[in-house]
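**Q** Each chain, letter by letter, is given below.
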Amino acid sequence: MKIRLSGRVFLSWIIIAGLAGLFAGPVAAADTIKLGVAGSHSGDLASYGLPTKRAAELVAKEFNAKGGVLGKKVEILSEDDVCKPELATNTATKLVSRGAHVVLGHICSGATKTALGIYKDAGIVTMSSSATNPELTQSGKYPNFFRTIASDDAQAKLDANFAMDVLKVKKIAILHDKGDYGKGLAEFARSFIEASKKAQVVVFEGITPGAVDYSAVVNKIKQSGAEAVIYGGYHPEASSIVIQMRKKKMDTLFISDDGVKDDTFIKVAGKAAEGVYASGPKDTTKNPLAIAAIAANKSTYNTDPGAFFLNGYAAAQALLNAIQKAKSTKYEAVAKALRTYPVDTPLGKIKFDNRGDAIGVGFSMYQVKNGVYVEVPVAKPATAKKKK
Amino acid sequence: MNAFAQIRQSLIIALWFMFLTFPILAVRVNTIEKVVEWRWPNMIYVGIGSFLISFVWRYFLERKAQGGKQGTHTALLGEATVQAMTVATPSVQATTATEVTPAGQAGAQTAKAPATATGKPFMQRIMAEPRLYRPVLMVLSLFGLAFPFLPFASTYQINIVTNALLYIMLGLGLNIVVGLAGLLHLGYVAFYAVGAYSYALLYYHFGIGFWVALPIGALFAAIFGIILGFPVLRLRGDYLAIVTLGFAEITRLVLENWNGFSFGPSGIAGIPRPGLFGMEMDLHQVTIYIYFLMIALCLFTIFVVNRLQNSRIGRAWVALREDEVACEAMGVDPTMAKLTAFALGSTWAGLAGVVFAAKTTFVNPASFTFLESAMILSIVVLGGMGSIVGVIIGAFILILLPEYLRAFSEYRMLLFGLIMVVMMIFRPQGIIVGIRQIYEFKKASAKEGNRQ
Amino acid sequence: MMEPLLDVKELTMDFGGLRALDKVSLQVLPGEIVALIGPNGAGKTTFFNCITGIYKPTGGDVFVTPPGKKQRRISGMKTHRVTAQGMARTFQNIRLFPEMTVLENVMIGRHCRSRVGVLGAILRDGTTRREEKDIVDTSYAILEKMGLAEEVNELAKNLPYGDQRRLEIARAMATGPFLLLLDEPAAGMNPRETDALEELIRRICKEDNIAVLMIEHDMRIVMSISSRIYVLDYGRMIAAGTSVEIMENPVVIKAYLGEEEIEDDKCS
Amino acid sequence: MFLGGLTRGSIYALIALGYTMVYGIIELINFAHGEIYMIGAFTALIVSSVLAFAGMSGLSVLFLAASVAIIYSAAYGFTVEKIAYKPLRQAPRLSPLISAIGMSIFLQNYVMLAQTSDFLPFPNLLPELTFLERYGLKIGSSEFIILLTTAVSMVLLMLLIKFTKMGKAMRATAQDRNMAMLVGVDVNRTISYTFIIGSVLAAVGGVLIASHIGRINFYIGFIAGIKAFTAAVLGGIGSIPGAVLGAFILGWTESFATGYVSSDYEDVFAFVLLVLILIVRPSGLLGRSTVQKV
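Residue numbers (the working numbering), protein chains in the order written: chain G, 1 to 388; chain P, 1 to 452; chain A, 1 to 268; chain R, 1 to 294.
To be clear, the hints were calculated from the coordinates, so they are not data collected in a lab. Only true hints are included.
Here are the in silico distance ranges between beta carbons for each label pair:
1. S299/G <-> R39/P: 25 to 31 Å
2. S114/A <-> F163/R: 56 to 62 Å
3. S328/G <-> L145/P: 35 to 41 Å
4. Q138/G <-> V36/P: 45 to 51 Å
5. Q9/P <-> N64/G: 53 to 59 Å
6. V261/R <-> I359/G: 40 to 46 Å
7. R220/A <-> F303/P: 53 to 59 Å
8. S114/A <-> I279/R: 30 to 36 Å
9. Q90/R <-> A5/P: 22 to 28 Å
10. L11/P <-> K298/G: 42 to 48 Å
11. D134/A <-> R89/R: 38 to 44 Å
Residues from chain A that keep clear of chain P, each with C-beta distances beyond 10 Å, as calculated:
12. D7
13. F63
14. C205
15. S224
16. P250
For glycine and all other residues, C-beta sits at the position ideal for the given N, C-alpha and C.
When you get a sec, could you build the whole thing from the sequences and use the hints?
**A** Here is the structure:
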């Protein structure tokens, strides 16, 4: 009995382990500065991840042209996590194993949270171009995390204040797409509004992406008599909601976020998009670096920059610059450098506060006018005439 | 059917598929830029592909038909598959052996029989020969033990292998429900989630550690399973499938929307990895530690499943799968049997869930979608329903291959879908056929066993 | 007179509007071999399904009296409970567990006579091993009696037809019944196999003193083996008595001559 | 909101019919059915855009797109049956189910990889009915058309099943396949027809809903499929009026629930309804409880 049992255990162990071993493959190694780039490079969120990857490659090229960093060439290690937490661990460990010195990524907050634990243990500075979840910097759980994009709460605050102070609305409906990004934003917006007491939240609802129709929700907004809708989420849902609202001859103002400040939204929603507000990263079209970066992207990849391109570009620059300044790839040194030395990026001159948020990176408000997003001043009342 | 007819038929099929795939594959419209992209090459690929495949398809269909007549399962396709995966062959031998070796429950009577039973694939007959597989096992075992310390075994390597081990556990768990008891369970991931969240929440609220959470998570999952099982298990097979699917979706949606409870889509972060007497370990060490932890858990799972399989209860499950009416008429309480299977399956999902939470240190609903269930199911289907080795191999193929062939990871789900269909049609019993217990009786024992 | 093992009182079964069984009464005494005959579609199998709890009868009562125990009402009881009471059946269209070995098929029969649960199965303690041993022995003994000892490790689906029929009986025997319900055991057998079967049934009845109630079309075996015969037609019990009485009964003759259809029993 | 429910309902009905018919005839949950609907929508999108870029417009586009979509959905339905289900007629229940799930996953990813994973805007092909203007906000023209089409196709289906030879063959096969075969019904052909008809209805649904919502992606089939199945079960799977009834009940439940309770749990309601029905009355509202044959 005893023998037989141990025999079986032994046996099975072997099979597992054996198979395990046979699958393992070799790892590359060379004396370069390894900049890991992790994010969704395939799957349904690839459009959010690839721009950052391209940006990183451009920056690397640029640095290498100038003789690299600390005299070493910059090497890009790019890994795909499809924005899935469970895959993000693999991606992260893979980067660590391949000896990445610093990591640019991840794209989605969920994946980032998963991966950060691993980078933290491995002592690797990580900088995201798009993970906006406040907890990442505010919880203090991740000292190794930096980002070149403002967090959701900042954006939510902007949206909320814009609605209350500029548009002077009293009744606000808040919608979100139940997603990490959208829902987080919506809840911050609600808490700000409720705290400020200047307006009341009459509807707070999550909508189901890809649902048969949103008329129920739209009706609800209508009945609630909300003057403005704040929507946290991405443009596909936003466009269909706006379309349905306009179809129903509702002139409720529509305020949304970065996920909606995307030209696709305007093209899809068409006429309905007119007058829609969306907050997005500060306008950098005047910034020569930005223009240069976009031009480089166009010439190299012959595509539009795409989401978070400039943030990615800035992040890559900041990281490599920090290594140069720190004269080392050691965790403490790099982190310190990031916090002390400002760096010129397409987003302007930025450095990082102790929590890891970039100082000087923020949002401004845009409105669709004749089929394009134009910046609207946040300070004085908006010129947009309220269709009342 | 003569060659000419064959070719004509294949040509027709090829044309049909070109017609079929034309709009989806050959045309792509960009409604934003208002441009149409024509991709004619695809059509050619489809044409040639379907032309060739149709031959293979027919060939195997005929094979199967003949096999059916003889009432014996032709292992040919299986062997082909196995050969194709270099790793599989030795291990196949390995555990078929474990399955042939009687679990010794029948005491003196039972002894290993030369697998002479007709209709057993040639391969498996070899496997029954200790001389043939023992040395291979030796090598493999040493390799497995040494694996994490080998030069090329980077943190990443170990990590993904651990991942595969996790899926082995899930596969074996689901195998109890689907493979043995024959209940199509499409909501398995729900119990996985229960396990993961129990650890996450227990830690978050009460700071409970991994080792305590492990059994608790399993227990919660089991309870959840029983609660779900009671009303549902009276339903017929296909309804059961859809209801479990429904339950899984409900679970996910609740996790997504009930912020107060589960922190919604932003999930719970910073879950500690399993500790070892409070020892400080760096990432690499922890990974190795988890690797061995998983190996241990897998062995435990294999051990338990194997015992159950060859027990009164295991037999009842199989009988239930084979013919529910007859099974009940033979005095087996189907509801009870189903419930046990369901509860046990859930328990393992729970265990795996806790490990998952500890391994990724983060849980959010995104990890528990229907596709996850589908993935686990296809592991079981590919490997062979009711066969432990099969599930192990299935997990390694389906989890590791996409990792290593990154280019092809895009096609992961496509492949899973395909596997389910193809396996069901050509080899429903999976790569490895679960072998039934074999008994041998010396006349003496028979006499003494005889009650007259 | 002695207590009947099986006592069916005015059993009635309706499917929607159709009345499949109409006030059917039947008794089986210890040591008896009783045959239930009747034209196709007369409701014989339905009768079996009703008394074994696969269908829930719409009316009437079914009582069993296990030897040495007192009478129990089993109408409406779940099938597996009925089997546990000591009434085992076979199926007209063979329903073995094809992917299981012959031995395992029989071992399933022992399920309701054994107790070990999940924990036992995992820990495999003394009791479990003893029980398993007992299950294996008993099952093997039964197979020997049935002359299937050679094929213990064969998959059920690979057995020749005749053996499959016998295996079904063996499986039923394994549940330790006092009454065996056989649904057309001789169907599709050649004369030689039929004789062997007849012999077998007699032995079961004598040696293990298990009473037998069987549905059968093969009049030869029915007439020679059964101590009493019931005749069912269109859901009604039209006659009952010894073989001689039945053969002379005009009603029965009419019922049989009255039907030409060769089509299968609808309830199979 | 009532109308919203009605619209949802009619869409679900169009898909649910496919499920119910297939189930009625071969007792199989055709998981891939939702995907057929999705493919219908995609084909319509592609055709209509191509035509639109070619400068065509108006009803002609609608009809061309719709008919092509219908043809293709039918073709896919037919092929799926031949590949994934026909070889498994005699196999144990589990096999065709698993194969069906496989098919569904396969088709989803096939479309995702071949086309795109993000939402595509779907042109509103349905004409604006001016005479509805005076009812103003009461009912939009797309809702109106959807309801109308659904009603018409229901009636047509009923007639087809009741009076045509094929309809009789279907009912016969659903009753008892072997008997049908004995009395000379070409079962394979009948089954193929069933799949084709189901797919056609799904395609119609696809075109309508797509131009109603105005955007589609590869995943719309899955949820819609499950909802439709829920509807079918709700009304009693195998029964055609049942499917329609169930669809409307589901539609109303959803839109009232999202309206009055909260849209946070929009999909949950459907699933809860499904689970409850299956537990309380597995045979559904109009379904006949079948006696299992032994």
